[in-house]
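Protein sequence lines, in the order shown, are assigned to chains E and W.
Residue numbers 337 to 500, in my numbering, belong to the letters of the first sequence in order.
Residue numbers 337 to 500, in my numbering, belong to the letters of the second sequence in order.
Treat the hints as calculated values from the structure; they're not laboratory data.
There's no promise every hint is true.
Treat identical chains as interchangeable: a pair holds within one or across any two.
Derived EDC-like pairs: lysine to aspartate or glutamate, alpha-carbon spacing no greater than 20 Å straight-line [unchecked claim]:
{"#": "1", "residue 1": "LYS471", "residue 2": "GLU361"}
{"#": "2", "residue 1": "LYS471", "residue 2": "ASP357"}
{"#": "3", "residue 1": "LYS402", "residue 2": "ASP488"}
{"#": "4", "residue 1": "LYS403", "residue 2": "ASP431"}
{"#": "5", "residue 1": "LYS403", "residue 2": "GLU499"}
{"#": "6", "residue 1": "LYS454", "residue 2": "ASP379"}
{"#": "7", "residue 1": "LYS385", "residue 2": "ASP431"}
{"#": "8", "residue 1": "LYS454", "residue 2": "ASP488"}
Model, not experiment: these values are computed from the prediction.
Protein chains: 2
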Amino acid sequence: MTTGNNKEPNELKNVNEVFGDPNDEAAIRMLEDKFASAVNAGDIDAIMKNYIPDNTLVVFDVVPRKKYSGADTYRQNWEDFFSHFNGNPKIAITDLSITVNGNIGFSHSIQHVTGTDKEGHSVHRTVRVTDGYRKIGGNWLIVLEHVSVPVDLRTGKAVFSPEP
Amino acid sequence: MTTGNNKEPNELKNVNEVFGDPNDEAAIRMLEDKFASAVNAGDIDAIMKNYIPDNTLVVFDVVPRKKYSGADTYRQNWEDFFSHFNGNPKIAITDLSITVNGNIGFSHSIQHVTGTDKEGHSVHRTVRVTDGYRKIGGNWLIVLEHVSVPVDLRTGKAVFSPEP
Numbered sequence: 337m338t339t340g341n342n343k344e345p346n347e348l349k350n351v352n353e354v355f356g357d358p359n360d361e362a363a364i365r366m367l368e369d370k371f372a373s374a375v376n377a378g379d380i381d382a383i384m385k386n387y388i389p390d391n392t393l394v395v396f397d398v399v400p401r402k403k404y405s406g407a408d409t410y411r412q413n414w415e416d417f418f419s420h421f422n423g424n425p426k427i428a429i430t431d432l433s434i435t436v437n438g439n440i441g442f443s444h445s446i447q448h449v450t451g452t453d454k455e456g457h458s459v460h461r462t463v464r465v466t467d468g469y470r471k472i473g474g475n476w477l478i479v480l481e482h483v484s485v486p487v488d489l490r491t492g493k494a495v496f497s498p499e500p
Numbered sequence: 337m338t339t340g341n342n343k344e345p346n347e348l349k350n351v352n353e354v355f356g357d358p359n360d361e362a363a364i365r366m367l368e369d370k371f372a373s374a375v376n377a378g379d380i381d382a383i384m385k386n387y388i389p390d391n392t393l394v395v396f397d398v399v400p401r402k403k404y405s406g407a408d409t410y411r412q413n414w415e416d417f418f419s420h421f422n423g424n425p426k427i428a429i430t431d432l433s434i435t436v437n438g439n440i441g442f443s444h445s446i447q448h449v450t451g452t453d454k455e456g457h458s459v460h461r462t463v464r465v466t467d468g469y470r471k472i473g474g475n476w477l478i479v480l481e482h483v484s485v486p487v488d489l490r491t492g493k494a495v496f497s498p499e500p
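Build out the structure end to end from the sequences listed, making use of the hints.
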């Protein structure tokens with residue numbers, strides 16, 4: 337098995353060139369843009385429009401429980417999320433890389449959340465996000481989301497600003 | 337937007353019925369079985385055979401850094417993983433749900449790691465895993481992996497045995 341190659345990874349760019357319909361990749365990128373705009377507007381209805389709106393949605397979130405099933409349940413997480421902030425937190429998506437083929441796709445990205453919590457403390461949180469998508473009736477929707485921060489296993493503590 | 341439906345979620349079973357080639361779903365399920373067997377055997381070469389063997393592999397792992405790029409880098413994580421155990425830890429994959437279309441797929445699962453660490457303490461760790469796959473030369477490989485535990489944001493502590 338050959339694994340040797342010290343060049344900077346291409347972050348699936350080549351995969352996309354081989355695989356992806358550029359229109360579908362652009363549509364998924366627009367979905368993620370709409371998602372970020374909705375978070376930045378504090379608009380939970382607009383956030384949820386990017387997810388499959390039924391009970392098949394599966395989310396592994398930063399916070400417990402182990403798994404969230406269904407759009408209604410995940411919507412509550414977004415309500416909880418905003419309730420911890422004074423004013424509106426902001427989100428910025430970077431390093432978005434999309435793989436798409438036919439009617440499904442997946443992506444990974446880094447998302448930066450900044451704001452001020454109810455106690456007046458600054459919040460800076462870097463999360464890793466992977467999404468699974470389906471194209472339904474011509475529209476791409478998130479059907480699987482996994483959001484996390486890494487953990488230092490020696491201390492059991494989350495690492496909110498991890499090294500690259 | 338209709339989200340109301342209190343029935344137990346089908347964990348994408350319906351999606352698979354509509355979308356998936358049963359042979360491809362079975363092949364991905366076999367890949368995950370081979371992965372678990374390789375972990376249980378402590379065989380890092382066999383573990384790595386389930387991942388794309390080049391620098392396009394992307395992994396968000398339980399532990400920092402933020403992102404691991406490339407098979408060589410991720411292999412080191414597996415070496416670190418085993419180095420913390422006395423004897424060989426065991427892994428069990430449950431709740432595996434696969435979505436596949438054409439030459440790509442994604443899945444989510446819950447994975448349970450048990451063992452004894454170098455200090456003699458029992459380790460019980462429940463992790464959430466999402467994988468992205470590509471079919472290359474007839475073989476399915478993991479090209480994107482995200483492994484995490486949820487975090488209690490009030491304490492900053494990882495939750496290794498979260499509620500369902």
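Hint by hint, here is what the structure shows:
| no. | hint | in the structure |
| --- | --- | --- |
| 1 | LYS471 / GLU361 | both (11 Å within a copy, 19 Å between copies) |
| 2 | LYS471 / ASP357 | both (13 Å within a copy, 17 Å between copies) |
| 3 | LYS402 / ASP488 | both (19 Å within a copy, 12 Å between copies) |
| 4 | LYS403 / ASP431 | between (25 Å within a copy, 11 Å between copies) |
| 5 | LYS403 / GLU499 | between (27 Å within a copy, 8 Å between copies) |
| 6 | LYS454 / ASP379 | within (19 Å within a copy, 48 Å between copies) |
| 7 | LYS385 / ASP431 | neither (23 Å within a copy, 26 Å between copies) |
| 8 | LYS454 / ASP488 | between (26 Å within a copy, 17 Å between copies) |
Against the hints set out earlier in the document, a violation occurs for number 7 only.
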